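Please build the complete structure, drawing on both the sequences and the hints.
Here the protein sequences come in this chain order: A and B.
For the first sequence, the residue numbers in the numbering used here are 11 to 442.
For the second sequence, the residue numbers in the numbering used here are 11 to 442.
Please keep in mind that the hints were generated in silico from the structure rather than gathered at the bench.
Don't take every hint at face value.
[Unchecked claim] With the C-beta cut set under 8 Å, the calculated list includes, among others, these residues of chain B facing chain A:
no.: 1; residue: HIS92
no.: 2; residue: GLU121
no.: 3; residue: ASN287
no.: 4; residue: ILE332
no.: 5; residue: ILE387
no.: 6; residue: TYR398
no.: 7; residue: GLY419
no.: 8; residue: LEU422
no.: 9; residue: ALA431
no.: 10; residue: ALA435
[What the hints assert, rightly or not] Within a straight-line C-alpha distance of at most 25 Å, the following computed DSS-like cross-link-like pairs (lysine-lysine) qualify:
no.: 11; chain 1: B; residue 1: LYS32; chain 2: A; residue 2: LYS32
no.: 12; chain 1: B; residue 1: LYS98; chain 2: A; residue 2: LYS98
no.: 13; chain 1: B; residue 1: LYS276; chain 2: B; residue 2: LYS302
Just so you know, these numbers come straight off a predicted model, no measurement behind them.
Glycine is no exception: its CB is placed at the ideal position from the N, C-alpha and C atoms.
2 protein chains.
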Amino acid sequence: MKLLLKNGTILATECGNFRCIKDGFLGIDGNKIDYIGEKRPEAVYDEEKDMSGCLLAPGLINCHTHTPMTLLRGVGSDLPLHEWLFDKVFPIEDRLTAAEIRAGNNLALLEMIACGTTSYSDMYFEPQTAAENAMAAGIRANLCRPVQCFDEKERYEDNQRAKESIELFHAYHGAANGRIRIDFSIHAEYTCTESVVRGYAADCNALGGRMHLHLSETKQEQEECIKRHGKTPAAWFRDLGVFDSPTAAAHCVWLTDSDMEILREKSVSVIHCPTSNLKLGSGFAPVPKMQKAGLNITLGTDGAASNNNLNMMEEIHLASIIHNGYTLNPLVMKPAEVLKMATVNGAKLQGRSDTGSLEAGKKADIIAFDLRRPHLIPDFDPLALLVYSAQGSDVCMTMVDGKVLYENGEFLTIDREKVIAEAKAAVKHLYG
Amino acid sequence: MKLLLKNGTILATECGNFRCIKDGFLGIDGNKIDYIGEKRPEAVYDEEKDMSGCLLAPGLINCHTHTPMTLLRGVGSDLPLHEWLFDKVFPIEDRLTAAEIRAGNNLALLEMIACGTTSYSDMYFEPQTAAENAMAAGIRANLCRPVQCFDEKERYEDNQRAKESIELFHAYHGAANGRIRIDFSIHAEYTCTESVVRGYAADCNALGGRMHLHLSETKQEQEECIKRHGKTPAAWFRDLGVFDSPTAAAHCVWLTDSDMEILREKSVSVIHCPTSNLKLGSGFAPVPKMQKAGLNITLGTDGAASNNNLNMMEEIHLASIIHNGYTLNPLVMKPAEVLKMATVNGAKLQGRSDTGSLEAGKKADIIAFDLRRPHLIPDFDPLALLVYSAQGSDVCMTMVDGKVLYENGEFLTIDREKVIAEAKAAVKHLYG
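Printed below as a string of structure tokens:
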């Protein structure tokens, strides 16, 4: 099937930079973009879709979340971090069944797809449920089962979570024509032992996997690691071989200059999660400094328990303004760089270099914004409009792999009412 | 006309605190709330409206904006502050006609009403156009014509802007059954002379007016004022009698401790504008400190040229999380306090103590959020949901003075297409 999107404003990528094409044409052949330009292409398309009044942009890539935590949205909002986690979040998570985890993930898919997310990286228990959901819903997903170990005596070979993680890799990696990828995952330095990390990192490397972990999220984490190991979390992970596989490090709020140098040397990607870092009082990730250090910086929402939603347009907005305020420099974050963080940089992190930008030859992961909304007028700078003015709710179409998943409020691959009913039933069971 | 809103979740106010009523009843008699409770009221209502699945909250009050600057949305996004203002913004503003200013204000009304703003405080040229628009649209508006003077020799009596401001007061103050209020306004310390400020402040006081001004927005403003006058802007305004009238001070990013003491003594209200302060690299207003000092803190969007929208739900979101991050304390901003900033505190600033909360006897300025959206599930803590998860686009009804202005995407008092066409025509004229 060949589909031509016509008359839209297109945020295309040329030579690594955005170029805005007004009243343009974007051709799709199957699941790939085959044409972008001002002029109507010569090739014949089976179908044409009028995108007048719309801004076409690359789909957003949410590089760090815990989707089933939608069911914990708003839990213990007024509690200190430790009480929130130990008295509220963990006991509820202990009660979660696989069916509830699946319901929570499906609720997250509704939210993410409606706000223009076309691919996401998830870290949670029972990730096979997310794999099945993603296959049905048509979204891209990098999934992982995070490894933890609190028993210094446990041998890597006996770690049940690592086993599950590797089984998952063999069962689902590359499924749904590559839409599903399975990553390896160590939860964090403070939740894992040296021997388990070392063994698991070696297996990840041997199997050609990618690693997803939490890194230097809080000051306490950074300081306690130095006390425990005599080095920072980044140095500890590097020394255990973790960074020998392509790694995605979430948060990175408290990185030192030498940590940044480690991440640069080992090509570790950073996931900036501004809402979560601010709400939880973790602090400001040194994004302008990390940019100068040449790191690949991406964006993530974190889970809905600490965000409290999964709206990448909010992360784009925050990333574009908070560092200006923090450095007292209104030019420190460029709109184009922030949009790259949410798209092409995320694609690189996920190992999906065939996605993340609107270019002929790339996968057709495309979102459309409705520029007829009052707050998107005038529209002479679509890039600034997208970054500073637009809302997640301005997304009027979400397409993944050439297939429309969402359009004008309707979900085409998910039964919205069923998913909401299942999520509400899970909430009722969990909280009584 | 008596109207009963039934079956909604109501964020009512009792003894100054929010109380959440599930499946409640809210009765309206004319333009006032006459009942709130769990039980159906005994009185008979002419009409009943089912609000199942909705959260009813007090209308949002945007305490600082420059509405016609919607026409400058996105202008010069990548320029340093001085070039942005002097090379882009000011030359465009010089070309603006009264008709264009009116078109820009009307575009702003669409945006604000759709996002739940029921009252706003505006500072711009030709404010009579905004008064006429507000009378027609049904929104509340505190309008002012900012006074400036760069000529040290000009006598107060000869200042044309001050004259316009006072004429405006006499022409429109209290119009539309009090929906329109006219405030006095000094643009800022750095744009006005001592003699004009002194004379105007005396007139404001004599006429029982309220003052609206910019205060300590940037580090440069604070430092240059001290060089110029040997005192901070807050001390300068106090010494010239400005704060003898109820005053609304926008930004307050660089207030010193003794400035806060001045504001407390003189009951000056603070308008926190987080998006604008961050985007322009002005910094972080010391909101937690100002709260401790007992100041009345409100929220504002500032103009669309520096925001770049007029969405109070974004200001609520930012105010609720950025100070946690800045102070490394996740509990420093309470959701209830942030919602008060956006509602009842704003009402106090505007001199509208009969608005700003859902209580029997208050004006019926009510907004509804659609809780059936996926990102608003589960809903066991509606206050946290509103502050951390909800979007401006979740507003499904906006009511002012008992009259519905907006419902489910439709504007009932403004011709949306006409306003958009006029705004686009103005943009075309301004930018060619």
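For each hint, the structure was consulted:
no. : hint                   : in the structure
1   : HIS92                  : 10 Å, violated
2   : GLU121                 : 4 Å, holds
3   : ASN287                 : 6 Å, holds
4   : ILE332                 : 6 Å, holds
5   : ILE387                 : 6 Å, holds
6   : TYR398                 : 4 Å, holds
7   : GLY419                 : 10 Å, violated
8   : LEU422                 : 15 Å, violated
9   : ALA431                 : 10 Å, violated
10  : ALA435                 : 11 Å, violated
11  : B:LYS32 with A:LYS32   : 48 Å, violated
12  : B:LYS98 with A:LYS98   : 52 Å, violated
13  : B:LYS276 with B:LYS302 : 16 Å, holds
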